[in-house]
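Visitor: One letter stands for each residue in the lines below.
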Amino acid sequence: MDLTLTAEEQAFRDEVREWLAENHPGEPPAGGEDAQFEFARQWQRTLHEAGWAGISWPREYGGRGATLIEQAIFQEEMARAKAPRPANVLGLVMGGPVVIAHGTEEQKERFLEPILSAEEIWCQGFSEPGSGSDLASLKTRAVKEDGGWRITGQKVWTTYAHHAKWCMLLARSDPDAPKHKGLTYFILDMEQDEVEVRPLRQITGEAEFNELFIDGAWVPDENVIGGEGNGWAVAITTLMNERAGLGATAALGLQATLDDLIELAKRRGRAGDPLVRDRIARLKIAVEGLRLGALRSLTATMRVGIPGPEGSIAKLQWSAANQAMTELALELGGLEALRTDDSWSYRFLRSRANSIEGGTSDVLRNIVAERVLGLPKLR
Amino acid sequence: MEFGLSDEQQEIKATAREFLASRFTPAKVRELAESGSPYDDGLWREMCELGWPGIAIPERYGGQGLGVVELVILLEEMGYALAPSPFISNAYAGALIASAGSDEQRERWLPGIAAGTARGAAEFTNEGGPVVGAAKGSTVLALLTDGGPRIVPTADAELERIPVIDDTRAYFRVRAESGDPLPGDVAWARAAGAVALAAESVGLAARALDIATEYAKEREQFGRPIGAYQAVSHRLANMLWAVEEARSLTYYAAWCADADPEALPLAASMAKARASDAACSVTHDAIQTLGGIGFTWEHDIHFFLKRARVSAQLMGTAAEHRERVASLVGL
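Chains as they are written, first to last, in the working numbering: chain A, 1 to 379; chain B, 1 to 331.
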């Protein structure tokens with residue numbers, strides 16, 4: 001057990017820190033969402049040219065082949081420098097790793113480089129209005145035709161759809177097979193008339209997500225990933241990538257929110273209130289519990305390939321802590337914090353999704369119960 | 001960076017798990033608890049032969065010269081077995097004397113503490129006077145309050161057993177007129193002691209979770225195992241959350257005690273607060289999961305509940321430690 005960085009890890013951290021100091025793109029531009037997205041796209045190009053875009057990807061595919069610890073260090077330095085997120089997050093975290101794991105050589109050749117350079121943005125078409133937690137029940141149909149597939153259906157909670165060139169799409173290719181067996185994983189070209197993107201307005205008033213209406217869109221055979229009928233296994237890879245990267249970086253964001261909360265308590269004259277002090281101490285313990293569990297998980301994953309039981313609770317810890325922090329901020333902040341132009345009112349409203357997005361807390365508890373504790377399934 | 005046990009540490013853990021499971025069987029723990037005199041001299045001698053009492057005491061005083069991490073590994077396993085033993089009180093006395101004692105005090109007392117042949121015992125809390133674990137049968141007491149940090153030969157003190165609900169440990173109120181002051185700062189040892197007790201609480205919570213989980217797999221109602229119902233399985237998932245969070249914080253604090261003492265005050269308070277709460281909530285939830293059988297004297301779970309509750313009052317309550325956390329984060 002040694003929580004200090006090795007000489008190599010320190011050298012890596014110094015390299016990242018120096019590079020970020022010299023190449024930080026500054027504040028995002030004022031103006032519309034399109035201008036901001038272009039800014040993020042340019043930032044990713046800068047990252048890619050220096051070899052930082054696909055930091056976890058193997059070197060042979062244009063990545064850096066960084067260890068999990070190095071990835072955590074990189075994310076920590078990005079957070080410390082308050083550097084913006086790259087534009088093509090879903091491509092980097094999910095799309096690319098899936099193509100690397102399940103794609104053919106031709107697919108790797110075709111798709112990977114434009115993901116890294118942010119030339120082609122990726123989005124994810126998994127959830128449907130009738131299929132949220134029970135994803136495998138999805139109904140979007142894929143019908144085989146000569147040379148490809150004809151897709152019809154509706155997807156929801158699709159981030160970046162209006163910027164995306166490609167959509168990671170899960171559709172039912174065999175309606176007669178058992179529900180997990182009849183799915184295929186497609187890479188759908190978003191630039192066709194049969195795909196309509198509509199923004200989905202959320203309780204914050206903004207539209208981070210979209211709905212997709214797909215009416216007979218075309219996917220050629222060469223854009224099937226992992227073979228017909230294997231969509232569920234391929235999709236699980238994406239979801240695992242989504243969850244694995246979460247813990248260590250999420251704790252950094254929570255610590256920043258906690259710092260803001262402590263400032264708020266002081267400004268509102270509540271820093272001496274024993275109830276407030278107790279609640280903030282609980283939140284500090286929760287943040288550190290998440291951070292340290294994530295580090296244990298990293299070590300376990302590097303040693304034996306899978307995280308220990310502590311890894312399975314990271315998302316539960318994160319969503320509970322973030323929600324509790326924003327709730328306390330509203331109690332401390334009074335009507336001022338509830339103003340529509342105050343950041344706490346936004347953060348509070350946005351946090352309500354934390355226990356739903358990327359696996360609801362209810363389903364995650366089922367997973368902990370079944371896979372970690374080995375309890376029998378209800379179904 | 002590596003946040004996991006080394007090969008040597010894993011070996012200590014495996015040896016401890018095996019030894020404790022074979023010696024402190026549920027029947028043996030019950031027998032000791034019900035006897036009114038929870039410590040078994042033969043089992044203590046066996047622990048001494050393994051070198052456990054001196055695990056974190058410097059080699060020049062006959063110890064193994066290992067750290068708080070190794071101490072915490074042993075204590076987590078002792079909590080898991082709910083082993084009645086003077087171990088933690090002796091280890092805490094050793095830490096106080098080793099870190100805050102004079103050379104003369106160390107040379108006089110540490111060899112006996114490290115060998116386990118002349119046990120030390122230390123103050124767990126103060127309620128109407130210092131309260132010391134396993135004071136009877138010890139040679140020397142390390143006291144912290146009612147006159148400041150000091151050493152008192154047990155023969156010079158008046159001991160009164162306090163009958164608290166935890167029968168797996170013996171607690172004594174101590175009256176001692178004088179004593180030999182500890183010249184050094186006891187802050188490090190107090191924090192390390194709190195981490196040691198946190199580790200024991202993590203271990204007992206982990207065991208309570210295992211007991212409840214096994215029961216939920218076997219016990220059937222309405223035609224299926226109760227663990228299939230989400231009202232039960234989600235409670236068990238929350239119990240795992242509490243155990244793992246407390247474990248991460250406790251191992252980190254132990255590492256701080258050995259390698260990053262400046263970070264120890266905050267780390268130790270976070271660990272003790274979380275582990276106390278986890279041990280209480282997990283033992284409560286274990287009883288709820290067990291249902292009626294969990295409320296009987298016949299089932300072992302109540303021994304875990306009682307140890308958890310008493311430990312939560314020792315070496316700083318969760319609320320007291322959270323108050324320290326609040327101060328240390330700038331409130």
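Simulated from the structure, these hints should not be mistaken for lab results.
Heads up, a few of these hints could be off.
Below are the DSSO-like pairs computed for lysine-lysine, each with C-alpha atoms no more than 30 Å apart in a straight line [as the list claims (entries may be wrong)]:
no.: 1; chain 1: A; residue 1: Lys377; chain 2: B; residue 2: Lys217
no.: 2; chain 1: A; residue 1: Lys82; chain 2: A; residue 2: Lys139
no.: 3; chain 1: A; residue 1: Lys108; chain 2: A; residue 2: Lys377
no.: 4; chain 1: B; residue 1: Lys13; chain 2: B; residue 2: Lys28
no.: 5; chain 1: A; residue 1: Lys179; chain 2: B; residue 2: Lys217
no.: 6; chain 1: B; residue 1: Lys217; chain 2: A; residue 2: Lys181
no.: 7; chain 1: B; residue 1: Lys136; chain 2: B; residue 2: Lys13
no.: 8; chain 1: B; residue 1: Lys217; chain 2: B; residue 2: Lys13
no.: 9; chain 1: A; residue 1: Lys108; chain 2: A; residue 2: Lys144
Visitor: Decide, hint by hint, whether the structure agrees.
Guide: Against the structure, the hints:
Using a Cα cut-off of 30 Å, the hinted pair A:Lys377 and B:Lys217 holds, with the two alpha carbons roughly 10 Å apart. The suggested pairing of A:Lys82 with A:Lys139 is violated, with an alpha-carbon distance near 41 Å, which exceeds 30 Å. The hinted pair formed by A:Lys108 and A:Lys377 fails the criterion: a straight-line CA distance of about 38 Å is larger than 30 Å. For the suggested pair B:Lys13 and B:Lys28, the alpha carbons sit about 21 Å apart, so the restraint of at most 30 Å is met.
Among the hinted pairs, A:Lys179 with B:Lys217 is consistent with the structure: their alpha-carbon atoms are about 27 Å apart, no more than 30 Å. Of the supplied pair hints, the one linking B:Lys217 and A:Lys181 holds, its CA atoms being roughly 29 Å apart against a limit of 30 Å. Restraint check: the Cα-Cα separation between B:Lys136 and B:Lys13 comes to about 29 Å, which is no more than 30 Å; the hinted pair holds. Only pairs whose Cα atoms come within 30 Å are accepted, and B:Lys217 paired with B:Lys13 is accepted, the gap being roughly 27 Å.
Between A:Lys108 and A:Lys144 the alpha-carbon distance is near 24 Å, which keeps this suggested pair within the 30 Å criterion.
Hint compliance for this structure: hints 2 and 3 are broken, all remaining hints hold.
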